[in-house]
Every structure is written in C-alpha cells, then in structure tokens.
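Asker: Take these sequences, add in the hints, and give me the full structure.
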Amino acid sequence: MFACIFVPNFPVAAVFRAEPELRARAVAIFEGTPPLEKVFAVNESATRVGITPGMAKAQAELCSELTLRPRSLLQESVTHAALLDCAQSFSPCVEDAAADMALVDLEGMESLFGSLLKIAHSLFRRAADLGLDANVAVASNPDVAQLAARGFTGVTVIPSGQEAESLGSLPVEVLFAGWDENKDREGKKKEEGQREKSADLLATLERWGIRNLRALAALPEIALSERLGQDGLRLQQLARGAASRTLVPVEAPAVFEEAIELEYPIVLLEPLAFLLNRLLDQVCARLAARALNTQELRLTLALQNLAGVDPQLETFGIPSESDALHNEAHAPARHFISGRQSQFCRTLRLPLPMLDAKLFLKLLQLDLNAHPPGAPIQKIHLAAEPARPRSAQGCLFLPPSPEPEKLELTLARIAGLVGEPRVGSVELLDTHRAEGFRMRRFTPEAALKIDCQKAAEGKSAIAALRLFRPLLRATVTLENGELARVVCLKKKEVQGNVLWKTGPWRSSGDWWEREAWARDEWDIALQNADSVALYRLVHDLLGGSWFVEGTYD
Amino acid sequence: MSSAVVSTSAAQGRPFVFVEEDAGVCPQPSGAELCAEGRPPQRAFLTSVFSSSKDARLAGVTSASQLAVRPAPEMVSSGVAAMDALTGGLPRGCLTEICGPASSGRTTLLLAALAAATGRGECSVLVDASDSLDPQSAAAAGVDLDRLLWVRCGENSPEKSLEQLLRATDLLLESGGFGLIALDLGDLPEQAARRIPLTTWFRFRRAVEHTPTVLLAVERQSIAGSCSSLLVKLGLVKLGVMRMGESGNRANETSMDSQFALPTHAQLLTELEITAELVRSRLDRKPVRSAEITFASKTAWAG
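In order, the protein sequences belong to chains U and R. Heads up, the first sequence is in this note's numbering, so the first residue is 1 and it goes up one at a time. Heads up, the second sequence is in this note's numbering, so the first residue is 1001 and it goes up one at a time.
Incorrect hints may appear among the rest.
Stated by the list, open to error - When the alpha-carbon atoms are kept at most 30 Å apart in a straight line, the in silico DSS-like pairs for lysine-lysine are as follows: (1) 1238/R to 491/U; (2) 38/U to 197/U; (3) 1298/R to 491/U; (4) 1160/R to 490/U.
Said to hold, decoys possible - Okay, the calculated bits of chain U under chain R, using three or more residues with CB under 8 Å as the criterion: (5) 150 to 156; (6) 399 to 408; (7) 420 to 428; (8) 461 to 475; (9) 495 to 508; (10) 545 to 552.
Note that these hints are calculated values from the structure, not bench results. Each residue gets a CB set at the ideal place from its N, CA and C atoms; glycine is no exception.
Answerer: Have a look at this one:
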C-alpha cells in the first residue's frame, strides 16, 4: 500500500507555515519583476473577494482586505523539506514526487503503526504539527493515491479493488493537475509542448462530454487509443486505478533549515525573539520527526545596510582573535556585505546533542544581547546541524553533576555577566611563562577520569599562591644591594620592611619570539599592620620594573 | 490507664490491649470511652503486646514527638586530614566559612577542598571575586581542572565584583548539580565584603539546604553571621625554610627569626605551618568548645 501527502496551493501554504496568523485573511502571492508583478497564487478568501491568479499586482492592491506577499522560493524550499521529513518519519521509502507532494511506501508499516486508516490519520496529524495543511490518501498503487490526495480533502483510504469506484467522481482535470505543477527543483517549467498537449487532451475530453474519471474509464479502449493514442490509454488506466509503477525513493539530505523573509525590517530584539521561537519550534519538530537532536545552531540575519558605503568586511561584535581562540564555544560574529544587505552570523555550539526549543531560544537571546546585530533585520535563516541523540545510562552511584541543559543556560547567563572569556575551565599551556594557561569551555563530560583520586589523608596540603591581577607595581628600596623595603601604592597593605627573603630565582623564555620574557623572583615576608605576610616579588629584567605577583596563602 | 500511656503507645505504633483487673467492678469500655480525648475506665490496665522481632525493627524509628531533631548533614573530606579531624570535614547542604588574614592558609585550604571534591568526581565551581586563582597552584594541589568551573569576577571596582559574585552564585545555586561551590572573597576590602546583607547569606543557605552541594566562603573576616554552620579561623604560625649548609649538607630551619648567615639564594621556602581554630559549629547540638589544630602545608617544589 502507498500513501500520498499532498499540500494544495503550495505557495500559499508555504507562506501560511511561516505566518500562521494569515490563515484567516485573504492572501495573494505575487511574483515577477516590478512593475510587471502579477498575482501567482491566492487562497480561498482572496478568491471570494475577486482576486484571481494572473491579475496585476497593482490591480490586486486596490482590494483593501487583501494581504499581499512576495513569492519566496526559500520558504517553499523549507516547506518542501518539512514535507519530506513528515513522510520519512514514517517510512524510509519516500518518493519526492513534486514540490507539493510526497509518496510513501507503507509496506510493513501496519505492524508498527496500526491500521491503514490509523497511519493515514497519523500522517495527517504529523503534517499539521509541522505547519502543513495537507491531504493524505492511502491506496494500493502510487498513482491512485496521488489522484485521491489531489481530488479529496482530508484523509482518504481506498481499499484494494475499489480504486475505479472511489476515483469515479473526480473531475478529469485532476489527471492533468500534476503536469502543470510538475516542475523541477529550480522551478523551471516543463517544455511548452507538454503543456499544449495536456491542454489539447483536456479540450478533447470536454468536447466528448467526459467530465469525470468514471466516464473516462468507461470508454472503449481501442476507440480511445485510435483517437488519443498512448496518452489516452495511459489516462484511462489512471482513471481506472489500474496503472502500476514502483516508487523511486530518494534519500533526502538531512538539512534542517528554516527561514523567513520579513515584510518590514525589525529593529528590536523582542520581536526577533518571537520569530526565532517560531523557527525553532519548526526546526525542533522536524528533528523530532526524524528522531534526531542537534549540536549546532547557525543563525544568519540579513541586515539592512543603512550606511550605503562601499562594501567592506566589518568586525562588529567580533571578539578579539585571542578570545576566539580561547573560547571555542561561540564562533565570532561575521559580517558580510553585498549590495544593500549585510549578513550577520552567529553559531551556537552545544556541548551535547539537545532538542529543547525553549533552551535554544534563551541561549540565542543571551547571545544576541551580548552581540547585537546593529542594523535592522530583513531576513532570518536558522539552520540546525543534526546529531544522534545522546544516550546516557543513569547510575545510583555516580557523583552528582549538573544537567547539561541547565548548565548551558547558566553558563550563558554568567558569560553575559562577567564576559565570555572569563568563565570556563582552565587549560595549562606547556610554558613557564607567567599566566601560562587559557580558558576554554566547561564541559564536565570531557573529564573522563572516573577513578577517584585518593583522599588527602596522610598527604600534606600544598601551599598556594594567590595572584594579583593585574600585577601590583612596587617600589623597592635596596640597602647594600639587598631588599630592604617594598611599597605598593595601589594596595596599602602590601608595604613594609622586608623581614625575610629568599631568592632570586631566575626564569626566562621565548627569547626567539617578540614576546620574550625574563624575570627574577623573590619570596619575601613583609610586616603588615597586624601580621606577617609572604609575597612573591618579581623583577622584570627586560623592563626593569618591580612587581608584587601574589601572596602565599 | 493514663492518656499519656495511650498516646505514647499509639505514637510508637504498638498495639495495646486493655486488661480489666476486676470484671465485676469495672464496666466494659465502650468505643466512646476509648477515644483520644475521653478518659478510660480507672481500673483498666494497659498492656502492650509485641514480639521481640518487632522490638528490634522499631528500635531505630523516631517517634513523632521527637522529630524536631534534624538529621546530621553528610560530611565530606576537606582535603586536609588535620582539618577533617578538627571539624569532621565539610558539611553538605550547609555554608562553611574560612577566614583569616593574608598568608594564613585560606587559599591552601580552598584548593585542598577543591582537589578533594574534584577527586571524588564532582563538578566544582570557584567564584573568584578578585580573579586571584593561580592555575599552577591549583594543579599542584591536585585539582582536576577539567571539573573546575572558574568564574572570574575581578572588575576594577570592588562593588562591581561583589555584584557579579552574588549574581553568579545565585545562578549556580539555582542550576544545582555541583559538589562544591566556593566563593573567594579573600582579597575584597573588608568594608565591601561587609556590605553583603545577611538576607543574601540566608538565601544562599536556604538554596543549598537539602542538596548535596558544599557551599564554602573564604574571606578575611566572618561576614555570614549565624547563616554559616561552620566557621574556621586560620593563622600563620611559622615558615619552613630549607637552607644549604657550608659543608653542602641541607638543613631545615624552621624559625623565621633566626639570623641566616647564608645568602638568600641558598634558602628555599618549603613549608607554611598553619593554625586552624574551630570557632563555631552548628552541626552538633551541644556547643563546641573552641578547638585548635596546627597543620603544615608544603610548597609545590618542596617535594
């Protein structure tokens, strides 16, 4: 058995999927180059007010109740991808029949999903969840399913052997509906000869008084073939439901993208969040339909270039290169300018595969608050990199660890508080230079050392150094070449006579680099107001300055 | 039979049987007479009947009238054996304060606690108000840096740092799942640290209650008041210095005041001897007597 999912009036359906609030209004889609734009598709409400395809846009604009939208091939593309996702969530054998249609092989699905009627309703519901107002038909061969989906609204199940009877009431135009709309991916129409041929056949059938498929099926085959040739016979086979063919399954690329073009550019982040929420819901629904999660989200905003200057690469919102190296979690914002628009890109990399639209929205909001686009937004494009869901087995005896979703949100909030480079875990670098470390993303899952170190029983504690950042510049008084007194102006308690000292301990490095360093270190004890404190004093041999680096605490 | 005996037996869950001493004198107790507020017949005796096995099972059950006693929190190692002996470790679900002046061993104890927590496989957080952590010292102390989340507050103004520290702590406590959250206020000026209202500490304490998280605050002076369950005060006693003798032999000199005849580069700081005083512990019912211990912390190069 085969199922067909057909989305009628596909260009309008694509717009409704992006803007559901337009469903109750009269909507017309136009295309073409100004000023010769023409209405391309209308919904039922627009038809009632007298708008028809082919009408000039200027003429349609006279209707005050009408909402006009430009045709968006991008939106139609993502809607088509959602249609394929819906079909592939039920069966791996799916044929990409047309931009508005998908055929599904239901062989063996009854044991998984139930009866054919149940499967049909499930397909219908899944399509509705993805924002598609589709017709679903189930029949014993793909062509019958296709005709039934085009001709009947809602859910239709045609039992095997009743194809001719079920299709009999459909008008003959349904046989030719697929010919006109059967375009390739780039929307190019088939040759004009094919269109003329179908128009001729239809005209001939109308002249003969053949209005529905029952009448066509009842015609004598030999007489039909003498007058209309093989095309006529083929049409009769379709009308009888006797045509048979195999599906040509396609492996749809796992591309999960959603986009929306805005009629008016938006300036504030709040309405942007509203639109992002919608796009994220759609992307997550499509991922869920394929039992996938995502580990990377790419947000691309097309901005209105208000300055009108020559195109050049801007660095708005880009952290420093060292920060970008230090922080692997977020790629720097990129601005590309072409023509009157520039693009603003942000990439959100997650530590684990996740699928939580609300969490993604929150993370994107925090990221955009920290790195605002800086210009009105005209188009939003969101792409999710699919990943297999993580599998984790719980255990009673594992130490507590934060939930990945909560942790990610907490880290994003703290990064907004203290700055992205100032939160994370530490990675020591292979150098003796001071501050020889870098910050990186905190991923507790990366700590794979499961065996616990032994407790510190019987092991003495290690004296720690507490650093001053930045280093405290010190004024050092020498007596007979020995350290006598140290004064730090910026920190009043770090000053006094040197009671005790040890050193110097010399270290240097990177002499072959521009950032060579050389220093002498002393451990000194100073008398504070109420106690004695130990400090590390550093003499920069290249610059000649003295610093108090930290306290032994 | 007294009502107190009835209520005690009911609280302990023991079935009881009324036995009449003289059936001819005392009337049979009716249901109304056996209610909690009613008075039973005066000559009826209460006899509790239970088996010896039930006795053993009920031995650990606390009666409802004694449920005011809170269970003791779970204690975990602080990373220093002497500290564990003094305090019993660090309590989960409670606020612990470690205070002392500079060079009193606060950071040593902080890193030891972080090393112990990360060594147990727990994720830990250090909210650093002054951005003063030395990663080399942390690694030498045994801290698993992959499991340590470091939040570097350190703005130019102490007020801004404090605000960042408090807000970050709120977020981390709300997130949960960490074994140890350490707040390093050691280098903040005392005036700034004292500005933290007690309600904030109370909020922190309530947030961490009934969770397995140890909340540890390191500061110069105690500022959390009664919100902290454990307060330890540290101080520096003396230094351990290794020096090279004239004959080339190494000798340990433990007094800072002694006059060294050798040049300074022939001496090496090897040890800090730290004293720790348990000032307050709310973990036991009986008030703690101030206890003091001394422990040594070696420098990383001392071996």
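Asker: Now tell me if each hint is right for this structure.
Answerer: Results for each hint:
In summary, the hint linking residue 1238/R to residue 491/U is supported, as the alpha carbons are separated by about 24 Å, within the 30 Å threshold. Distance check on the hinted pair: residue 38/U and residue 197/U sit about 25 Å apart at the alpha-carbon level, within 30 Å; holds. A hinted pair counts as satisfied when its Cα atoms are at most 30 Å apart, and residue 1298/R with residue 491/U qualifies at roughly 27 Å. Using a Cα cut-off of 30 Å, the hinted pair residue 1160/R and residue 490/U holds, with the two alpha carbons roughly 18 Å apart.
Coverage of the stretch 150 to 156 of chain U by chain R is violated in this model, with 0 residues showing a Cβ closer than 8 Å to a Cβ of that chain against a need of three. Look at the stretch 399 to 408 of chain U against chain R: 7 of its residues bring a Cβ nearer than 8 Å to a Cβ of that chain, three or more, so the hint holds. A count of 7 residues in the stretch 420 to 428 of chain U with a Cβ less than 8 Å from any Cβ of chain R is obtained; the coverage claim is therefore met, three being the minimum. Evaluation of the coverage hint for the stretch 461 to 475 of chain U: fulfilled, as 9 residues show C-beta separations to chain R shorter than 8 Å, against a requirement of three.
Under a criterion of three residues with beta carbons nearer than 8 Å to beta carbons of chain R, the stated coverage of the stretch 495 to 508 of chain U is upheld, 7 such residues being counted. Check on the stretch 545 to 552 of chain U: 3 of its residues sit with their Cβ under 8 Å from a Cβ of chain R, so the three-residue criterion for coverage holds.
Checked against the numbered hints given earlier, this structure breaks only hint 5.
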